[in-house]
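If you read the sequences in order, they're chains G and P. Using this note's numbering, the letters of the first sequence correspond one by one to residues 1 to 155. Using this note's numbering, the letters of the second sequence correspond one by one to residues 1001 to 1193.
A couple of the hints might just be wrong.
Derived contacts from chain G toward chain P, CB cut-off under 7 Å, selection only [unchecked claim]:
| # | residue |
| --- | --- |
| 1 | Ser15 |
| 2 | Ala17 |
| 3 | Met19 |
Derived lysine to aspartate or glutamate pairs resembling DMTMM-like cross-links, with alpha carbons at most 20 Å apart [claimed, not checked]:
| # | chain 1 | residue 1 | chain 2 | residue 2 |
| --- | --- | --- | --- | --- |
| 4 | G | Lys48 | P | Asp1061 |
| 5 | P | Lys1007 | G | Glu32 |
| 6 | P | Lys1007 | G | Glu13 |
| 7 | P | Lys1091 | P | Asp1030 |
| 8 | P | Lys1091 | P | Asp1188 |
| 9 | P | Lys1091 | P | Glu1184 |
| 10 | G | Lys48 | P | Glu1019 |
| 11 | P | Lys1091 | P | Glu1072 |
| 12 | P | Lys1132 | G | Asp122 |
| 13 | P | Lys1007 | G | Asp12 |
| 14 | P | Lys1007 | G | Asp122 |
| 15 | P | Lys1007 | G | Asp51 |
| 16 | G | Lys48 | G | Glu37 |
| 17 | G | Lys110 | G | Asp122 |
Treat the hints as calculated values from the structure; they're not laboratory data. No residue lacks a Cβ here, since even glycine has one placed at the ideal position from N, Cα and C.
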Amino acid sequence: MTALPPFQTVLDEHSAAVMAILQGAVGRDSAEDCFQETFLAALRAYPKLGDTSNLRGWLLTIAHRKAIDHHRARGRTPVPVAEVREAAAEDGLPERDSALWAAVGALPPKQRAAVALRYGSDLPHSEIAAALGCSPEAARRSLHEGLKRLRKELA
Amino acid sequence: MTTATEKSIQRLKARAAAEGLLDVAYATADSPFGPLLLARTERGLVRIGLPNQDADELLADLAARVSPRVLEAPRELDEVRRELDLYFAGKLDRFDLPLDWRLSSGFRQRVLRAINRIPYGQTRSYTEMARKAGNERAVRAAGTACGSNPIPLVVPCHRVLRTSGALGGYGGGLPMKQGLLELEGVLDGNGAS
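The shape of chain P in the complex, shown without the other chains (with noise of 0.2 Å):
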């Protein structure tokens, strides 16, 4: 009963998306940093958690905050996911997905789409990116802009560093910031530039 069940709701959810009735579509992801939460919409990818974020909280937001016509379908999220498993075995410098950014607005949204422009495997420093949204002196809000980037990894916020070479932060910790720059050949594996 449980198989039929199931072979039911594929279906039902293939209706769904059929009849515009699936508003944000999720599935979870393997990457060498630990599991990732990937959601879209009809507009393309809206959010992505990293391992160390907690996905019903994720979810719960995006209920809240988009629809909550919240599904789970993997195969929504098909490219999301092959671009991302190419990025992590270092076979692709540059995402092609269409974005949602409805959950950034105004300065930070600014921000990210600068950090968006930035070229694989370079840094800048979270002023520039302040200037380049505008206000150069809001360095603070610049990098509040990047703690909350709803779509990390593919609007590449561990791309922005302090002035110093410092790391400074990231939402899925530091350990995956350096992770992401030896990945990208921008730190060796001792962290140095």
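The following block holds chain G by itself, in its conformation from the complex (with noise of 0.2 Å):
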């Protein structure tokens, strides 16, 4: 196991990247609240994180998960329009952005953030895979079953 390094270096090396990615999952408005819940939920959870080699996979999951949750305690329709509406019509998915947010926050925590990532925040595979640490196939394997799970979850 690595040992972890200060907070404040993956404060300075990531926090650009979430706030980014939060404006875009949430809105500009909205950005501020979740990455303060995505922070302090991470140095909640910080001293107990076994596995340091993903740091940036691991605060955008959490990002995610809060982005998702923001979107729920709003029940309103989340932000990433044309995308996910596309995407939902052609895949058979439900109309209820909601339901769909709920079950994609049930997800195993890879697929759960390949989707977010590409639906959410309307990345390509290869930034998604570095999100993640892994590689173009693996995300497009993580996105692709995620996506699989959903349609069974939601038919």
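Please dock the two separately framed chains into a single complex, following the hints provided.
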């Protein structure tokens, strides 16, 4: 197990990416609250974090959970407009976005992050892979598995 | 955007402190000898890094030995910085700061606590410190305790000399030890007492 770096380092290296992705996911106005919730949750969990190899992916996963919580709490249509609707229509996903996001929230972490990064933040596979610290193929696979599971859940 | 994120980070640190999630707060401070690194916990001042010590290494050590929840939070160190500034200006002869002793233990900590009682402008020998810590013969160990002092300056290990009056050693380098003793009026500018 690698030693945990001082949390300040984590903040220096990843706060801008977390903020950018949250702004994309929930809009500028709400990004601030989600940013606070994300990093407070990260700070709470940090001393017990076992795997330090992908701190960025870990943070982005928390950020997306917070974005999903935010959408669920507001109970309003999530921001990721066109993309999600098109995908939903094509894939026969249900219209109600809150139910969709709830199902996304219930996915295993990697799949959840892949789906959220693809449809929430509109990232291409290569960047999802970078965020999750895996190969583009693995990212594609997580996304595929996640979508398959969502289809099943929401059918 | 950078400024927006910086503001968010400020807010985050205030909330982290309020919620008990800021285990180690640190800041840098200027001194006549170069930049110092100051770190505190909720108990008190836990570490001072001297100018010749590597700040990143020191922070990594704090993360491993105290808690990885280490954040730069200058405001949390305001009082420490204020007292150090006064000390370097020759206007403070006794620090009034809560200390966190957790980075030392056993004999070493007893030596450091004895050092902490040496008054401003006075010196003691390593032998005396060993005796005060309960083992007069452990002079070398007393020297090691001085060398590993996590809170130099405030715990004044620079006031400990060899029995012969020679300076001995100093974590921040001998010129700094000499400078501090000159500041306190123990030595004149030529290094003679």
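Verification of the supplied hints:
| no. | hint | verdict |
| --- | --- | --- |
| 1 | Ser15 | 6 Å, holds |
| 2 | Ala17 | 10 Å, violated |
| 3 | Met19 | 5 Å, holds |
| 4 | Lys48/G <-> Asp1061/P | 17 Å, holds |
| 5 | Lys1007/P <-> Glu32/G | 10 Å, holds |
| 6 | Lys1007/P <-> Glu13/G | 16 Å, holds |
| 7 | Lys1091/P <-> Asp1030/P | 16 Å, holds |
| 8 | Lys1091/P <-> Asp1188/P | 18 Å, holds |
| 9 | Lys1091/P <-> Glu1184/P | 10 Å, holds |
| 10 | Lys48/G <-> Glu1019/P | 18 Å, holds |
| 11 | Lys1091/P <-> Glu1072/P | 28 Å, violated |
| 12 | Lys1132/P <-> Asp122/G | 67 Å, violated |
| 13 | Lys1007/P <-> Asp12/G | 13 Å, holds |
| 14 | Lys1007/P <-> Asp122/G | 26 Å, violated |
| 15 | Lys1007/P <-> Asp51/G | 29 Å, violated |
| 16 | Lys48/G <-> Glu37/G | 18 Å, holds |
| 17 | Lys110/G <-> Asp122/G | 16 Å, holds |
In summary, the structure is inconsistent with hints 2, 11, 12, 14 and 15 from the numbered list given earlier, while agreeing with the others.
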